[in-house]
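Protein chains in written order, with my numbering: chain S, 28 to 364; chain U, 28 to 364; chain F, 28 to 364; chain H, 28 to 364; chain A, 28 to 364; chain D, 28 to 364.
Fair warning: there could be bad hints in the mix.
It does not matter which identical chain is meant; a pair holds if it fits inside one copy or across any two.
Straight-line C-alpha distance at most 35 Å; calculated DSBU-like pairs for lysine-lysine [claimed, not checked]: (1) LYS30 <-> LYS48; (2) LYS355 <-> LYS203; (3) LYS48 <-> LYS256; (4) LYS260 <-> LYS30; (5) LYS186 <-> LYS171; (6) LYS247 <-> LYS109; (7) LYS199 <-> LYS355; (8) LYS48 <-> LYS355; (9) LYS247 <-> LYS355; (10) LYS254 <-> LYS292; (11) LYS48 <-> LYS198; (12) LYS184 <-> LYS48; (13) LYS291 <-> LYS199; (14) LYS355 <-> LYS109; (15) LYS232 <-> LYS109; (16) LYS291 <-> LYS171; (17) LYS198 <-> LYS256; (18) LYS355 <-> LYS205; (19) LYS171 <-> LYS292; (20) LYS355 <-> LYS171; (21) LYS30 <-> LYS232.
FYI, nobody ran anything at the bench for these hints, they're computed from the structure.
Here the structure is a predicted model, which is why all the values come from computation and not from measurement.
Okay, here's what each chain looks like letter by letter:
6 protein chains.
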Amino acid sequence: MIKKVVTLGEIMLRLSTQDHKRFVQSETFDATYGGAEANVAAAMCNYGLQGTFITKVPDNAIGQSAINHLRRFGVDTQFIVKGGNRLGIYFLEPGASLRASQVIYDRAGSSITDFNIEEFDIDAVLEGAQWFHTSGITPALSDKAAALTESVLKAAKAKGITTSIDINYRKKIWSKEKAAEVLRGICQYVDVCIGADTTLGFEPKESDVVDGRITIAGFKDIFKQMKEKFGFKFIATSLRESHSASDNSFSALVYDGSEFYETKKYDVRIVDRVGTGDSFASGLIYGLVTGMSTQDTAEFAVAASVIKHTIPGDLNHASLNEVLDLMKGEGSVRVQR
Amino acid sequence: MIKKVVTLGEIMLRLSTQDHKRFVQSETFDATYGGAEANVAAAMCNYGLQGTFITKVPDNAIGQSAINHLRRFGVDTQFIVKGGNRLGIYFLEPGASLRASQVIYDRAGSSITDFNIEEFDIDAVLEGAQWFHTSGITPALSDKAAALTESVLKAAKAKGITTSIDINYRKKIWSKEKAAEVLRGICQYVDVCIGADTTLGFEPKESDVVDGRITIAGFKDIFKQMKEKFGFKFIATSLRESHSASDNSFSALVYDGSEFYETKKYDVRIVDRVGTGDSFASGLIYGLVTGMSTQDTAEFAVAASVIKHTIPGDLNHASLNEVLDLMKGEGSVRVQR
Amino acid sequence: MIKKVVTLGEIMLRLSTQDHKRFVQSETFDATYGGAEANVAAAMCNYGLQGTFITKVPDNAIGQSAINHLRRFGVDTQFIVKGGNRLGIYFLEPGASLRASQVIYDRAGSSITDFNIEEFDIDAVLEGAQWFHTSGITPALSDKAAALTESVLKAAKAKGITTSIDINYRKKIWSKEKAAEVLRGICQYVDVCIGADTTLGFEPKESDVVDGRITIAGFKDIFKQMKEKFGFKFIATSLRESHSASDNSFSALVYDGSEFYETKKYDVRIVDRVGTGDSFASGLIYGLVTGMSTQDTAEFAVAASVIKHTIPGDLNHASLNEVLDLMKGEGSVRVQR
Amino acid sequence: MIKKVVTLGEIMLRLSTQDHKRFVQSETFDATYGGAEANVAAAMCNYGLQGTFITKVPDNAIGQSAINHLRRFGVDTQFIVKGGNRLGIYFLEPGASLRASQVIYDRAGSSITDFNIEEFDIDAVLEGAQWFHTSGITPALSDKAAALTESVLKAAKAKGITTSIDINYRKKIWSKEKAAEVLRGICQYVDVCIGADTTLGFEPKESDVVDGRITIAGFKDIFKQMKEKFGFKFIATSLRESHSASDNSFSALVYDGSEFYETKKYDVRIVDRVGTGDSFASGLIYGLVTGMSTQDTAEFAVAASVIKHTIPGDLNHASLNEVLDLMKGEGSVRVQR
Amino acid sequence: MIKKVVTLGEIMLRLSTQDHKRFVQSETFDATYGGAEANVAAAMCNYGLQGTFITKVPDNAIGQSAINHLRRFGVDTQFIVKGGNRLGIYFLEPGASLRASQVIYDRAGSSITDFNIEEFDIDAVLEGAQWFHTSGITPALSDKAAALTESVLKAAKAKGITTSIDINYRKKIWSKEKAAEVLRGICQYVDVCIGADTTLGFEPKESDVVDGRITIAGFKDIFKQMKEKFGFKFIATSLRESHSASDNSFSALVYDGSEFYETKKYDVRIVDRVGTGDSFASGLIYGLVTGMSTQDTAEFAVAASVIKHTIPGDLNHASLNEVLDLMKGEGSVRVQR
Amino acid sequence: MIKKVVTLGEIMLRLSTQDHKRFVQSETFDATYGGAEANVAAAMCNYGLQGTFITKVPDNAIGQSAINHLRRFGVDTQFIVKGGNRLGIYFLEPGASLRASQVIYDRAGSSITDFNIEEFDIDAVLEGAQWFHTSGITPALSDKAAALTESVLKAAKAKGITTSIDINYRKKIWSKEKAAEVLRGICQYVDVCIGADTTLGFEPKESDVVDGRITIAGFKDIFKQMKEKFGFKFIATSLRESHSASDNSFSALVYDGSEFYETKKYDVRIVDRVGTGDSFASGLIYGLVTGMSTQDTAEFAVAASVIKHTIPGDLNHASLNEVLDLMKGEGSVRVQR
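Can you make the complete structure from the sequences, with help from the hints?
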């Protein structure tokens, strides 16, 4: 039977400039749709699982286009609720070399900020699911959205479904303090915590910060504290080195509560940086829900994310075999013909 | 000395689909900027006058792009205030033949809805101005925006500046009842009323409505009532026959309080329908502020609008001579080489 | 319960030139996917029914893209078979004014030409269906495809499902003689015959052909013979007057075996002519399967097709309400805002 | 043996705005290459004859691109000379409806203005040719170019080659007086004169001008005077009615020195107006050089030009059969599939 | 006298995705034309030689467009035969970083698969030629194409024309075994063998394979065996290190039967990887046919290929001087102004 | 009070190929406007100063578009003169990897070559200015332009305004000898000399040239001679290492007459190389006119230029804060969200 993974979050219209143009130069935008949890649902379908996404979009052609985008790539959208005022938007100006990518959020008042669990049939949504996933962005959107996130996590947990969260702290949406407070409340219902950093309030020792970056040792220390506090089954973080807006190195660290797993590190040239974190989360979920070893899970997640860096848009259109080949070192970068 | 025309209103990001695509098919949007009063300010510059536009835009690259768009076409943008949360957006799906153009407004919570007269130097803005113009859209945006509209009209009136309003009723923003109430309050400060219809509460006699359209006689009757009630110096309306989304006929009726002036009627094939009403208003203002006769003013306004139907975007990039040539029948539609 | 309409046929990659360019000028192609029966399935979804499409596509990214295109617009694609050698292609050069649109077929050897009923679960496909539809193009593709078409029609008929065919004679695929022979065999399993002309071998009287076109009287005569011969419940044809490649008039004639129904005639300016026949078929099926009167069904079908003329691509992205509004004369061609 | 037609003139880089944009809105240009006589040479190849074009282009990549454009469509470019300073440019802003198309010439100092007959092997160029063609634009470019035009016409004439000129008066390049003086000198070497109007100094009677347009009677009168003065074998003019920048009617009048031939009149919707006159000239030359009757020649020329109105760019990519079909009324404007 | 190089092979329509998009994301394709031997013919013209290409394309606008593409860049296309069913297509998804480029072939049943030597005048084609070139792809297309390849090689050989083949093994078209069998038969008529690897059945010693790649020593060993077996005058292979889909290193090894020549190694960032092998072959042929030394020939071939990596499309638009400058280290990568 | 910087020079239409295409492949051009001194004026506005640009453009829509482009980004264009024959054009083919970018100038006879100081009100232009800047390109355009440059520098100097020149030698416009002669005459009115090299006639010692590049020691030696000869207050040069057309290293050396200041060196991947020198000049002027220390000025100029390498078009759309952040090492190349 095909595994079912349910995700909850916001889907936004993404408007990005073309050909490295800055916002002030742009007279056209590429329009696509994405969001942390929608991206995860689509990745699940890509790997052959059932990805079900729950959100709320306005009842107009823009909302419908967001649904269509997910449907196109196989996502089960039957439970998406139509209503509310608007689809959130984010403007993206992709950077290059020593110019960073810029995101302008225009998501205030989006439909999901006024969404509650009574608006859909939570039992039907979770029916047959093995996994439920959300991110730290969803509770950041509004108090109502935070309550919704907690309710759904609680419901999933009660049904024995594995739950995960990708912390994904966004400084343009809420403060560190508010984030810590809300997320610590939510984390009691979470089995797998992704994107671990200081957001939940665990600080590395001073000696574990070098050049402003937390060391592996520092992450290990934080992971242990997180395990201690919330009882997570798995804790994972990607390790990114941003040499420039065009070149990054990418690897990961995973903790299963007893052992730590480090992965191979890849050098990647970037086509589209957005959504690579969601690809990492998707890879982790895929590995764990299909029973891979922790090391393989971590390697799969990193390889998935690495390929996403080369694909425009929020979604990761890498196939299962492409990720497996890269992870096993069996892929080739030669023209395939 | 160059005449100065000041306008107040919202400027929005306009996202339109390309090549006749519907929203659900679109993966790119043409991005430009416009709004009823911004369009009028730009037209003034186009005709060689000084157009000064006052609005509030967010202090980010999208707000700056709106300013730049106006600046590019000569508008005096020095008084535009930066602040608030977001730039209003409207999505445009241009229609064709028997499919109407669709507009989806996403303008709630835009910066101008939280804007008041203390935020800028009203005396400096109006210094040396001959004309002040706004539309019925601005007071529709929020109660605060309605108060602002009234304050600025009052200030202009107090300085002896001619004032005008383009009624521009938008059913997707407010109800007929609310519109009538607010606009009737504002109209006491208005000299020239454009776009006259039933919004202000004056209804045509039953016999003056044929096939759902108000007849010339009906408009004349309404105009007289409007003159009676508000003491407008000029009342004008364009007369549009929409044969399809691709073909319209266009003419106008103007009333100077004693005489009625009807214009030549043009058949136009449409490239871009949006902003053609603003072009009509711009033409009226240009004619009156530069001392044309009422008949010439009306003909100029209609000819300006007719050319705008062939130009993509909100702004009218027709030159003064092009409008005069068309109005005088001296233009040619042959290739100019 | 939502009505289910199943269709069988080929889906092709459509490569069309841009901006009125001829093939020899083109260095880019717009790429979309469509085919007579796929277009009908998508229209069903558009109107709120369940559209299920059965076909065979190659197991590569081009085949997957065809599936994705249908999935995006709501089509149930779960029964589509992957295999065979290639996706059929058609190149389209849209005409204008006195230059006709050109189609170059490159569909020989496509996956569906080597497809048989054992490759999918016909019972599952037809489970719960009210209607089965195909076109005269499918049996034209190969002898195997003709056998498949007959088998599926027979199976549907045996289950009491209403069956329809759109004759759609394509001279570039097969001869008139072969078409007549094959289609006459198939028609015994058909309830509703669309696109009636001389393909099935019924000729109009000489006096019923004026200027090379069959008159209404001629069609009525042919319809009666068709009814006589095959016992169709409904026979319908659209009536197109091609004033130019840019302007057509469009109406229809429907026969329910006792009465003839003529519709309103519309003048349409063309954005995209391809797929307008499929829109007419879709409208007929929608009307009949949802229980509209025959006159309303005919009017709905014509209105649906009229709107399709304004939409690029094979699929008809007109909403149910837009079609109903046009059909009832309640729509407006003014900007909707 | 394939007929050979030689033409002499300027080829320019054509930069046209996209999607009906005006110059001041444009941030991209479509770049193609054309010019009156180059367009004729390409049309000859299109119809299966040999078209040889002689010109001078700068020895850089822009000059090479002009050559490549002609070569792509079969023109014999082996005699084109490389040298001089620059390729002439013309900017094109296609009009629509009541807005005329605009051309801005930037052709001063182009390579052909400094070109003389010693720079190429005139005997080799004309070897085996049946026809030599040029236009009134070439002698307008510089005194040197006028001398070159006369020399080549004289050389062709001396070899018994039929010669033609398309008057093509361009007010942005030279005055009516200068044109008349230069062209009257050149016309002594011309057999076929196309585009007849008042440029050569023959004026219609006052009663032969109605609404600013010369009547058929007026043209006949002028033709007779032209025949009288220059001994032309054929004189032809297209008759264009410009209803708008989007819609024209098109027909022609040809005079063989004894009879006048009027053609069918077509209503055309315009995709690209530029080069339609050259298509008319091409059609005339094709008809005469291949031995069509004068009436057929005239009808062929008009049909060729009509199709060109629907094709973007300067060149006419209509095939011989397409023109013949339209001319004979055997074509169809239905989708060809 | 200008040297003449004749090539035989397939020309395909190449449809590539834009802006790094994957196939499943693409709604437009860039359309160009190319194929191993067509690319070589065009390169010859680029360097000032005469390149004559012989192939068979369908007699429709797509076939004509392929011809036009070659004609545009100077290729002699007069002997190309029109007929058969279709133009072969290949879909290209350019990779980036750690995602490899993907090619989907859709070339089965193309016109050239049903092509034989009687369809054209082989003597006229080879008249005055110094060189004949083909690739291992052509005999792979069909048994008939293999027979054709052998016949033409034999005919060229008989006329004393130097012959070359680029092995170019494509695993998506035929098996290693079939390739070895067919190519070994053909190689008896070949003077210069390019792209040497294990396809012809010569295996390197185990110690000559490091990290899955054949060492220089291994190639030398294979070259000697090839020389022994087939008596080739020259054997050459490019040496590519694929660091990623974006970055490669490129050099070459050439054997003249007695000495081995290694070239400079370049690091290249890739714009378009396809056709770079054909550029290498073109460079070799150019060097040998114009009498360069073997070392210079090898350096020229490598430099030509290096520049091709930066040019979109199949063809190499590098000029002779650009290649010479790079090869001599005299070029500059600074802006040339 | 806002500082005012006045610049004088040519503004050109820039036509660049898209997507790495070569000129001979291009059928569209990106159209923007720029020139050394216009770019500096725009950068001033970008950093919050007043940039006033003086030039002459033709009185047509292309000239107006150049003005609009500057106006859009805040430049004071009120003194720009309209007249003359044409706007200069430069064609740009952006290179990649080992293929250099190519510029084809088509600027002969542009309006500014026929421009003199009487055509505008020099006192009004310079009123309130702190700085006047031009480049060595302007006097290269014509003798009249050289005279104009000298006159304006002299006028500025007389008013106590700081003057600067960017040497910017362009071998495609004039000879080294002519440049040296003209520039040495002009330099007597210059305070700050940018882009120092051998153009003014100062040669480095042989031992100061390594691998064809002048060493730091060599530049220091040249700077001292320049100071000696012309009494410049500041002399500056950027130091570029062109690893390829895609990757450069960039730093600078500044001399204040007593000390030398070297900056940090950045590795940059190039999006658009044109205008980066003007960005360096702009940064120097900004630093000096706002009173930064020499070291900070140099670092600011380099950081500004580095960001420009990532921005398409001639103008530098980096904000003041972005430059300051990069210069201080406080920026981040991570996605800003």
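Now the hints, each set against the structure:
1. LYS30 <-> LYS48: So LYS30 and LYS48 pass the 35 Å test across copies only (29 Å; inside, 42 Å).
2. LYS355 <-> LYS203: For LYS355 and LYS203, only the inter-copy Cα distance (25 Å) is at most 35 Å; the intra-copy one is 38 Å.
3. LYS48 <-> LYS256: neither (46 Å within a copy, 43 Å between copies)
4. LYS260 <-> LYS30: within (20 Å within a copy, 46 Å between copies)
5. LYS186 <-> LYS171: Cα proximity of LYS186 and LYS171: one copy only (23 Å, versus 49 Å across).
6. LYS247 <-> LYS109: neither (43 Å within a copy, 45 Å between copies)
7. LYS199 <-> LYS355: Between copies only: 23 Å across chains, 38 Å inside a chain, cut-off 35 Å.
8. LYS48 <-> LYS355: Answer is between; shortest inter-copy Cα gap is 25 Å, intra-copy 37 Å.
9. LYS247 <-> LYS355: both (26 Å within a copy, 32 Å between copies)
10. LYS254 <-> LYS292: So LYS254 and LYS292 pass the 35 Å test inside one copy only (25 Å; across, 44 Å).
11. LYS48 <-> LYS198: Answer is both: 25 Å inside a copy and 30 Å across each meet the 35 Å cutoff.
12. LYS184 <-> LYS48: Classified as neither: same-chain Cα gap 45 Å, cross-chain 39 Å, threshold 35 Å.
13. LYS291 <-> LYS199: both (32 Å within a copy, 31 Å between copies)
14. LYS355 <-> LYS109: Classified as between: cross-chain Cα gap 27 Å, same-chain 43 Å, threshold 35 Å.
15. LYS232 <-> LYS109: neither (47 Å within a copy, 42 Å between copies)
16. LYS291 <-> LYS171: neither (40 Å within a copy, 50 Å between copies)
17. LYS198 <-> LYS256: within (24 Å within a copy, 55 Å between copies)
18. LYS355 <-> LYS205: Intra 41 Å, inter 31 Å, cutoff 35 Å: inter-copy only.
19. LYS171 <-> LYS292: For LYS171 and LYS292, the Cα distance exceeds 35 Å both inside one copy (40 Å) and across copies (50 Å).
20. LYS355 <-> LYS171: Classified as neither; 44 Å inside a copy, 41 Å across copies.
21. LYS30 <-> LYS232: For LYS30 and LYS232, the Cα distance exceeds 35 Å both inside one copy (40 Å) and across copies (48 Å).
In summary, the structure is inconsistent with hints 3, 6, 12, 15, 16, 19, 20 and 21 from the numbered list given earlier, while agreeing with the others.
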